[in-house]
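Q: Hints given; two lone chains; assemble the complex.
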Amino acid sequence: MLTKRIIPCLDVDNGRVVKGKKFKGIKDVADPVELGKFYSDQCADELVFYDITASHEERDIFIHIVEKVAKNINIPFTIGGGIRTVEDFRKVLLAGADKVSVNSAAVSNPELIRAAALKFGSQCVVLSIDAKRNTHGSWDVYINGGRKNTGIDAIEWAKRGQLLGAGEICINSIDSDGVKAGFDIELNTILSRDLTIPIIASGGAGKMEHFSQVLKCGADAALAASVFHYKEIAISDLKDYLHEENIPVRRCNR
Amino acid sequence: MIAIIDYGVGNLMNVYNALKRLDMDAVITSDKKVIADSKAIILPGVGAFKDAMDNLVEYDLVDTIKENVSKGKYLLGICLGMQLLFDKSYEDGEWKGLSLLQGEIIRFKEGLKVPHMGWNELHINKPHPLIKNIAEGEYVYFVHSYHLDPMYFDDVLLYTDYGVKVPAVVCRDNIMGMQFHPEKSSETGIKLLKNFKELIK
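Residue numbers (our numbering), protein chains in the order written: chain A, -16 to 237; chain B, 71 to 271.
It cannot be assumed that every hint is accurate.
[Unchecked claim] Pair by pair, the computed Cβ-Cβ distance ranges are:
id	chain 1	residue 1	chain 2	residue 2	range
1	B	V97	A	N55	18 to 26 Å
2	A	G161	B	K267	41 to 49 Å
3	A	K190	B	D124	44 to 52 Å
4	B	K267	A	H119	57 to 65 Å
5	B	D95	A	E192	46 to 54 Å
6	B	V104	A	A217	42 to 50 Å
7	B	R91	A	P231	23 to 31 Å
For the record, the hints were derived by calculation from the structure and aren't laboratory data.
Glycine included, C-beta positions come from ideal geometry on N, C-alpha and C.
Next up, chain B with everything else stripped away, as it sits in the complex (with noise of 0.2 Å):
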């Protein structure tokens, strides 16, 4: 069973629906139990990175977090969720994360529009399950306003150009991230969750 955090930010349907379309048992809980018993975990999140981090002090979830992940858990991080697992976010201010994975959340340059909204192509930069059968120049759906800067581009499977070289799926051992929305993201997002599922078995 995967545990889908819930920390009172945003919606978490969407997830949920995805998962089940997949046939993967999913539960939306903020229980620590739960969580603990659970095959893997997704920390979804839109919005703001203050507050998706105030959130997660709030539920006291942070330890729980990193209790599970330092077992050897899969934790899959989506979007906002991603962004938690670094040090740290300059989002309006400068604020620390999870530092599950080390790099920072910084803004685009001058002269994009922002938020980087849309289809944008992936690019591999290295191999790994989670990534299996995908191609060079798919797309998925992009939608947030910072981006990580990687202490070390080794951690990032799939980039997408935006400016810079953005990273769209990072991976260090048992901890994952997306910044797309996969369950937004056509076949191609299917194909990840899948390749996901496959990872947890």
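Extracted from the complex, chain A is given alone in its bound form (with noise of 0.2 Å):
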């Protein structure tokens, strides 16, 4: 039986793990390889590491970490960040990705999209989306970060990804990211009801009861990043946890 998988995701500045809020009190954490390395033999199914550095020097860092984490970890793993063109997703391929999400600027171009299925396989394309409740029972996209509230309709544009040829998409809701509170599961239940690609759940993991709502109201994965960092939860434990929850998943070491 195809398994849900547990993704954790790692923020990736000038070449070092960061955890915490991205844009204030960042703080190093660990070495990005030795961390994924941590993850993957704690039967992580995927990694996510997510470029959160601003100047191109820096992002010739990342590059070098992409090629040391395809080197050494040999689950498959996606690059999400400052993707803004089909070349962009080139590099980050050639350097040894599974996969690349993009955010904003599939918002602002749509194109890149099915241009970088056409190209690459929409297998390898991740659309990543931030969504937000509006007052009116629905969810508007965000973009830049979250701070820019752009009036399109969630649930539309993921639908509009898939048609583009996105591979997946990775809802990511602003609402409760960082709150721990648990992942919107109105709105992962919808979007694994209405598309036919593979749907990752993000942001509010604080507890493993979260993550089994949410993979039994139909997403495909669930994602999250500060609960592993600091240790709050083992992926072995939750594992466990939800194959007891009679949740489909990938144990190790058994």
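A: Rendered as structure tokens:
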């Protein structure tokens, strides 16, 4: 049976993984390759490395990290952050990434999804959407790190992304991000029902129950960062818990 | 030395890195002479079937592959590389493959999430040295939207379940294929590549 995936997300700045809020209180926590290996040994199903650097010089450091990860880790990994062009896709794929996630750049240029899917295959194009609940009972798409509301309906955008050739949707609920009160169940339920490509739920993980809730409502994978980085939840324990909850998961070293 | 065939599709470094970790001597090449001198051939591939076949033709490698295989050289196709070994694919049209093995590449049936993406369980159909030490229920990483419908299920060593029995490892004589990515499938993937290493010794 196809298993549900648990995906730790690692924010990388200037060659180091940082945890906590993205724009203030940035703190070094680990070497990306070492931490990635640690999670891989704990039976993480995939990894996401997110480039939060701004400058071009640091961009080169990041590409070097991607190469190092590819050499040392043998589970799939996704690269996100600062991907704007087909050429950006090419660079990180050649460096060894399996998938590439696009967010703001796809909103301003949806054709990027189609062009990348045609060139490299849908399987490596992840459309990442930052969504925030509005007052009309639906969700708006935000860009620029969650700072700007585009007014676009998140569910419509996800459907369009699928049509354009995205192979997967990563839905990050801004409302729940960092709050640790659980994933947005309603949004993930709707997307899992209405789309035919896999859905990765992101934002809100605080307890093991949160993972089982969102995976039971149809999400194919759940992504989290701080609960793993701060060792509040060990992925191996989470997998055992989910197994007890009758959710199909891959467990290691049994 | 193993020749990893470079025909302009996708990233070949991950396969190369995996072989290196197993101390396997490998080169990424599209040079016919290097391929002819190799001990075994790996045909990787991601992306679309038609583009991949077009590229093999453009690089003038179709006959090279067929000649080497007819001499008994081991060939391992990975992911799309496995699909190319078969007769035909229905991915966005109808395209001819290499016809080294018999079967067709078809779309997953309706109602399933596609791509078939993630870790799925292996089931044993037929023991073979290529799948030595692989237990029933081990997981490997799949990512594909089309799957093999084999003419002879006897060519299937391992399969997984996704709506239908999806061939995961195929083998007939010296021709082998893996639908998933052994280089991305953790310990199980390493075991399979080690078995391949033993086979071609």
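Q: Give a verdict on every hint.
A: Hint check results:
no.	hint	result
1	B:V97 / A:N55: 18 to 26 Å	holds (21 Å)
2	A:G161 / B:K267: 41 to 49 Å	holds (46 Å)
3	A:K190 / B:D124: 44 to 52 Å	holds (51 Å)
4	B:K267 / A:H119: 57 to 65 Å	holds (60 Å)
5	B:D95 / A:E192: 46 to 54 Å	holds (50 Å)
6	B:V104 / A:A217: 42 to 50 Å	holds (46 Å)
7	B:R91 / A:P231: 23 to 31 Å	holds (29 Å)
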